[in-house]
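Could you build the full structure based on these sequences and the hints that come with them?
Chains as they are written, first to last, in numbering that gives the first Met the number 0: chain A, 0 to 182; chain B, 0 to 502; chain C, 0 to 328.
Treat the hints with care, since some could be wrong.
Stated by the list, open to error - Using 27 angstroms as the maximum straight-line C-alpha spacing, the simulated DSSO-like pairs for lysine-lysine come out as follows:
id, chain 1, residue 1, chain 2, residue 2
1, B, LYS348, C, LYS238
2, C, LYS134, B, LYS348
3, C, LYS138, B, LYS456
4, C, LYS154, C, LYS138
5, B, LYS456, C, LYS322
6, C, LYS177, B, LYS456
7, C, LYS31, C, LYS272
Unchecked claim - Residues from chain B that face chain A, not an exhaustive set, calculated with beta carbons under 8 angstroms:
id, residue
8, MET44
9, THR178
10, PHE213
11, ILE217
12, ARG221
13, VAL223
14, LYS387
15, TYR388
16, PRO391
17, VAL395
18, ILE396
19, SER403
20, TYR406
21, ALA415
22, GLU445
23, LEU452
As the list claims (entries may be wrong) - Residues from chain B that keep clear of chain C, each with C-beta distances beyond 12 angstroms, as calculated:
id, residue
24, LEU12
25, PRO249
26, ALA365
27, LEU481
28, TYR492
In short, the hints are calculated from the structure, not lab data.
The beta-carbon is built from N, C-alpha and C at its ideal position, and this holds for glycine as well.
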Amino acid sequence: MVGMNAIKKKITRTQVEGLVILLVAIGYLWEAQNVPLLYQVPGVPGPTTFPWLLGIVFGLSGVWLLVSPHRLIARLRKEAADEDEDAPEAPAPSGAAFWDPITRDWHFYTIWAVILGYLVLMPSLGFPVATALLLAMFVSLLGEQRWWVVAGLALVATTVIYTGFALGLRVRLPLGVLEPLVK
Amino acid sequence: MFEHLINGFGVALQPFNLLIALVGCLIGTVIGVLPGLGPTATLAMLIPLIFSMPPATALILLTSVYYGSMYGGSTTSILVNIPGESASVITTIDGHKMAMQGRAGPALAIAAIGSFIAGTFAVVVLTFLGAPVAEYALHFGPAEFFALMVFGLATVASLTGTNVTKSVVTTCLGLMISTVGIDLVSGAPRYTFGNPFLQDGIDFVVVAIGMFAFTEVIITAREVREGTRAEVVKAAGIWVSWKEVVYSLPSIARGTFFGFLVGMLPGAGATLSTFIAYNLEKRICKNPELLGTGDIRGVANPESSNNAASGASLVPLLTLGLPGGGATAIMLGALMMLDITPGPLMFEKHAGMIWALIASMYVGNALLLILNWPLVNVFARIMTVPVKYLMPIVLVISTIGVWSLSYSEVDLILTAGAGMLGYYMRMHKYPVEPLILGLILGGRMEQAYRQALIISKGSNLVFLQHPISLVLLIGALLFLFLPTLLARSKQFYMARKTSVEAA
Amino acid sequence: MKRMGLLSLAVVAAVGLLAAGQWSAAGAWEPKGQLECIAPANPGGGWDAVCRSTSSALQKSGIVKETMYVTNMPGGSGAVAIANVITKRKGDTNLLVAASNALTFTMALNRTTHTYKDIIPIAQIGAEIGGFFVKSDSKYKNLADLINALKADPKSVTFCGGSAPGGQDHIKAALFAKAIGVEPTKIVYVPYQGGGEALTSLLGGHTEVGAIDISEAAGQFEAGKVRCLGLLSEKRSTKFKDIPTTYEQGVKVSYPIWRGVYMAPGTPTEAVKFWSEAIQKMVATPEWAAEREKMGWEPTYRFGDDFDKFVTAELATFKDLLKELGFLK
Numbered sequence: 000m001v002g003m004n005a006i007k008k009k010i011t012r013t014q015v016e017g018l019v020i021l022l023v024a025i026g027y028l029w030e031a032q033n034v035p036l037l038y039q040v041p042g043v044p045g046p047t048t049f050p051w052l053l054g055i056v057f058g059l060s061g062v063w064l065l066v067s068p069h070r071l072i073a074r075l076r077k078e079a080a081d082e083d084e085d086a087p088e089a090p091a092p093s094g095a096a097f098w099d100p101i102t103r104d105w106h107f108y109t110i111w112a113v114i115l116g117y118l119v120l121m122p123s124l125g126f127p128v129a130t131a132l133l134l135a136m137f138v139s140l141l142g143e144q145r146w147w148v149v150a151g152l153a154l155v156a157t158t159v160i161y162t163g164f165a166l167g168l169r170v171r172l173p174l175g176v177l178e179p180l181v182k
Numbered sequence: 000m001f002e003h004l005i006n007g008f009g010v011a012l013q014p015f016n017l018l019i020a021l022v023g024c025l026i027g028t029v030i031g032v033l034p035g036l037g038p039t040a041t042l043a044m045l046i047p048l049i050f051s052m053p054p055a056t057a058l059i060l061l062t063s064v065y066y067g068s069m070y071g072g073s074t075t076s077i078l079v080n081i082p083g084e085s086a087s088v089i090t091t092i093d094g095h096k097m098a099m100q101g102r103a104g105p106a107l108a109i110a111a112i113g114s115f116i117a118g119t120f121a122v123v124v125l126t127f128l129g130a131p132v133a134e135y136a137l138h139f140g141p142a143e144f145f146a147l148m149v150f151g152l153a154t155v156a157s158l159t160g161t162n163v164t165k166s167v168v169t170t171c172l173g174l175m176i177s178t179v180g181i182d183l184v185s186g187a188p189r190y191t192f193g194n195p196f197l198q199d200g201i202d203f204v205v206v207a208i209g210m211f212a213f214t215e216v217i218i219t220a221r222e223v224r225e226g227t228r229a230e231v232v233k234a235a236g237i238w239v240s241w242k243e244v245v246y247s248l249p250s251i252a253r254g255t256f257f258g259f260l261v262g263m264l265p266g267a268g269a270t271l272s273t274f275i276a277y278n279l280e281k282r283i284c285k286n287p288e289l290l291g292t293g294d295i296r297g298v299a300n301p302e303s304s305n306n307a308a309s310g311a312s313l314v315p316l317l318t319l320g321l322p323g324g325g326a327t328a329i330m331l332g333a334l335m336m337l338d339i340t341p342g343p344l345m346f347e348k349h350a351g352m353i354w355a356l357i358a359s360m361y362v363g364n365a366l367l368l369i370l371n372w373p374l375v376n377v378f379a380r381i382m383t384v385p386v387k388y389l390m391p392i393v394l395v396i397s398t399i400g401v402w403s404l405s406y407s408e409v410d411l412i413l414t415a416g417a418g419m420l421g422y423y424m425r426m427h428k429y430p431v432e433p434l435i436l437g438l439i440l441g442g443r444m445e446q447a448y449r450q451a452l453i454i455s456k457g458s459n460l461v462f463l464q465h466p467i468s469l470v471l472l473i474g475a476l477l478f479l480f481l482p483t484l485l486a487r488s489k490q491f492y493m494a495r496k497t498s499v500e501a502a
Numbered sequence: 000m001k002r003m004g005l006l007s008l009a010v011v012a013a014v015g016l017l018a019a020g021q022w023s024a025a026g027a028w029e030p031k032g033q034l035e036c037i038a039p040a041n042p043g044g045g046w047d048a049v050c051r052s053t054s055s056a057l058q059k060s061g062i063v064k065e066t067m068y069v070t071n072m073p074g075g076s077g078a079v080a081i082a083n084v085i086t087k088r089k090g091d092t093n094l095l096v097a098a099s100n101a102l103t104f105t106m107a108l109n110r111t112t113h114t115y116k117d118i119i120p121i122a123q124i125g126a127e128i129g130g131f132f133v134k135s136d137s138k139y140k141n142l143a144d145l146i147n148a149l150k151a152d153p154k155s156v157t158f159c160g161g162s163a164p165g166g167q168d169h170i171k172a173a174l175f176a177k178a179i180g181v182e183p184t185k186i187v188y189v190p191y192q193g194g195g196e197a198l199t200s201l202l203g204g205h206t207e208v209g210a211i212d213i214s215e216a217a218g219q220f221e222a223g224k225v226r227c228l229g230l231l232s233e234k235r236s237t238k239f240k241d242i243p244t245t246y247e248q249g250v251k252v253s254y255p256i257w258r259g260v261y262m263a264p265g266t267p268t269e270a271v272k273f274w275s276e277a278i279q280k281m282v283a284t285p286e287w288a289a290e291r292e293k294m295g296w297e298p299t300y301r302f303g304d305d306f307d308k309f310v311t312a313e314l315a316t317f318k319d320l321l322k323e324l325g326f327l328k
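Dropping the structure here:
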């Protein structure tokens with residue numbers, strides 16, 4: 000029995016989402032005021048009409064998510080009773096990930112940190128170095144323990160990808176710290 | 000006409016031109032396979048090369064790249080659940096499930112077969128009915144365009160899940176992201192927060208790669224770690240069976256038809272056509288409940304529709320000299336550089352070149368089908384590469400795709416943001432597809448809306464007065480509410496039936 | 000003394016040689032690697048033609064040795080491209096950007112915070128004449144029909160063009176209205192992304208009069224799909240000699256459109272010098288004559304400071320004009 004606990008959790012989450020959506024919509028509409036009004040054809044929609052329309056629909060959907068838990072309870076009860084398809088996937092661990100203590104999910108956050116680090120540092124560190132580091136870290140995080148496989152894959156894949164894209168497809172990839180070596 | 004066509008084949012089948020077409024198809028396939036790299040940028044990059052070859056050869060190179068990229072787009076959708084082009088977003092739904100069920104080979108093969116049929120159909124129409132068909136497309140004015148976009152978005156809202164509100168939320172979010180940047184109609188900067196990097200707007204590739212590629216990588220990593228990752232079923236066969244081909248044929252036909260209709264309209268594009276075709280497929284076909292569970296028709300339909308659409312978008316270009324946006328606009332530029340004034344007189348003034356180009360499209364489609372025979376084999380084997388090696392590499396290649404857009408750090412950060420949001424959305428069943436479509440269509444939709452209202456002098460009735468737009472808007476409403484209404488009435492009927500039986 | 004003289008002579012000669020060496024090194028500055036020309040609009044429009052024809056003529060005539068790529072960067076009537084160039088491409092020695100009076104309008108209307116002071120205007124490479132085009136079966140047979148319709152009801156005619164409201168295609172219509180005594184702000188103008196799209200809407204019958212350039216309409220014009228009611232010019236076009244002008248039909252409005260290129264700010268002087276000279280050399284070549292012919296452009300050129308002064312003055316004139324027409328407060 001997935002039970003009422005899971006259902007309650009799902010409802011509060013839906014309501015939180017509704018609230019966030021509503022706030023985003025309000026922020027979006029607020030910012031529409033800052034759009035400079037340049038010359039406009041009189042009597043027809045200007046640059047803010049469409050954003051206003053979107054903001055309102057978005058906000059209303061947020062409100063709907065916020066105030067419609069009754070319908071949801073009924074539906075979720077039914078789903079729980081019908082053994083909904085996502086029940087065996089155990090939504091609890093994945094669904095609750097954002098509120099779980101970081102210690103329990105260190106692995107998940109490490110992966111995010113590695114990816115973020117890669118995206119932030121790649122332009123300055125240079126593509127080859129950053130990519131080799133990323134590949135090495137990522138492959139070991141995914142459970143590869145043989146160091147020579149990790150190192151080999153990182154080096155070979157980086158070389159192949161760099162050659163293919165920079166020379167083959169003419170994508171300008173930054174060399175970063177390797178720049179002096181080339182000159 | 001046949002004489003012209005035969006002459007055209009004479010040129011297209013010259014060994015050198017054939018070789019160029021093959022090279023073009025290969026380049027196209029590669030950029031189609033790689034997420035983030037698209038035909039538009041590649042064509043622009045190839046333009047200077049056309050000085051170094053005869054005009055007909057140059058045009059053959061460009062079209063074969065364009066065609067090849069549409070064939071290649073489905074590959075990563077099927078194998079790693081990451082669309083290679085925006086026009087292959089829909090293919091992920093059934094394609095990747097098929098791959099997980101050990102049917103990557105048949106999925107890839109049917110994508111190639113569907114693409115071949117659709118591509119050839121588009122060229123046949125271009126050959127025999129080009130001008131009248133393109134003239135018809137001109138009837139689509141701003142009001143009709145806006146209605147078409149609304150229709151497209153409405154079909155999506157009912158696409159993925161049972162929860163319409165969530166679809167509306169993500170569609171809206173996509174449209175909202177599309178309003179970032181300089182307003183295309185008035186030139187006013189919107190939602191840029193004074194950041195010049197946001198003035199160009201947020202490219203959909205940035206969001207799509209974040210939400211598909213990064214999210215997929217994270218989810219896979221998580222599943223691998225937790226040991227919940229489903230084992231890929233060992234492949235039964237690489238090539239598709241006759242039975243499956245016959246089973247998919249009606250879907251291919253429908254995908255081709257709708258894809259062509261939508262793709263022919265200047266600026267509508269292949270992406271929109273796949274969404275519309277797949278949704279109509281869901282209403283028309285037998286056993287629609289199978290779609291979305293790894294049904295081969297769910298690959299055949301969108302893949303044929305995007306190829307029909309990209310073929311169709313060449314129709315207004317070649318017959319009337321009017322670009323259909325994106326890649327065809329680049330081709331228009333190429334024509335001008337070759338001293339061909341794009342216009343209705345192209346067929347008379349440059350008959351040799353244009354017919355060689357058309358003939359080369361037949362050749363290109365055939366080449367791609369042949370080319371895919373060995374490629375399906377190679378690509379299907381990617382499913383046997385352990386994900387712990389595959390996913391990090393996918394991540395790197397996706398990052399290059401984003402980087403190559405404008406070489407900007409801001410894009411990379413935005414991708415990370417999109418990845419996080421996408422992860423949350425995937426986990427909590429907010430459909431990603433409507434967001435992507437909203438983002439792609441947003442700019443044009445708003446533009447069409449405002450153009451229509453300028454023409455109508457501010458009267459919103461214009462959308463109801465034009466018959467095509469009226470029909471499309473009614474269709475949109477039906478798509479949004481009919482399923483719910485039908486379900487309601489069914490429930491009501493069942494309830495009454497049981498109560499009657501009880502009594 | 001003599002020795003000293005010799006020595007000093009040697010020193011002078013050495014310095015001279017050195018200077019000469021340096022000078023020739025500077026004179027021989029050449030761009031290396033990929034060259035790029037940014038067209039701030041979609042392919043098929045006037046800005047795109049500037050880049051395509053310039054890169055083609057420069058390469059065919061051998062004035063530049065490297066390949067020159069054309070990038071399309073549409074949006075905001077040039078505002079997107081100028082922002083991009085100023086923020087991301089500062090000091091790029093290999094980059095040209097297409098420009099025309101449309102860019103001056105973008106600046107005059109404050110669509111961008113940048114002006115010609117923030118970029119380096121290089122040269123004007125030609126001029127073009129705009130006109131009013133209608134579908135071949137249009138009820139407007141000549142300029143007089145259009146004038147009568149506008150005088151009867153300014154809102155009865157739907158104009159279209161490839162620039163944003165208040166941009167140059169709109170201004171063509173507004174100037175015309177002013178000249179025939181119709182309130183310019185009452186004109187109905189539908190903006191499209193470039194002349195190609197405007198032409199599509201014209202052919203589809205969604206709009207009635209296209210305020211676009213000859214080069215954009217040439218293909219359809221030659222095929223007889225569109226007619227030209229009049230060119231906004233004093234003299235007839237050198238390529239399309241049969242099209243009557245506004246002056247001939249009694250309306251004293253002309254609107255020549257210059258085409259030119261600018262470079263990113265912070266570009267080293269030797270690079271600016273190289274490109275300025277390259278373009279000067281280019282416009283004299285037969286390759287350029289052929290390109291110009293193809294586009295239907297008039298041979299009107301301006302270079303360097305001359306061009307810089309011209310565009311700066313134009314910006315001031317346009318601001319006044321827009322205020323006068325009621326498009327700018």
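Hold the hint about GLU445 of chain B up to the distance rule: shortest CB distance to chain A must be less than 8 angstroms. 4 angstroms, holds
Would you check whether LYS387 of chain B satisfies its interface hint, that is, whether its CB is within less than 8 angstroms of any CB in chain A? 4 angstroms, holds
Proposed proximity, LYS272 of chain C with LYS31 of chain C (alpha carbon, max 27 angstroms): 15 angstroms, holds
For the pair we were handed, LYS154 of chain C and LYS138 of chain C, check the Cα-Cα distance against 27 angstroms. 16 angstroms, holds
Pair hint outcome, LYS456 of chain B versus LYS322 of chain C [Cα-Cα no greater than 27 angstroms]: Within the cut-off at roughly 24 angstroms; holds.
Mind checking the CB of ILE396 of chain B against every CB in chain A and telling me if the closest is under 8 angstroms? 7 angstroms, holds
A cut-off of 12 angstroms on Cβ-Cβ distance, and TYR492 of chain B was said to be off the interface with chain C. Does that hold? 46 angstroms, holds
Verify the proposed pairing of LYS177 of chain C with LYS456 of chain B, using a straight-line Cα cut of 27 angstroms. Between LYS177 of chain C and LYS456 of chain B the Cα gap is close to 21 angstroms, so the pair holds against 27 angstroms.
Under 8 angstroms is the threshold here; is the Cβ of THR178 of chain B close enough to any Cβ of chain A for the hint to stand? 5 angstroms, holds
Hint status (Cβ of SER403 of chain B to nearest Cβ of chain A, threshold 8 angstroms): 5 angstroms, holds
Hint validation: MET44 of chain B versus chain A, beta carbon distance must be below 8 angstroms. Holds or violated? 7 angstroms, holds
Does LYS134 of chain C pair with LYS348 of chain B here, judged by a C-alpha cut-off of 27 angstroms? At roughly 22 angstroms apart (the allowed maximum being 27 angstroms), LYS348 of chain B and LYS134 of chain C satisfy the hint.
In terms of the numbered hints stated before, the structure departs from none.
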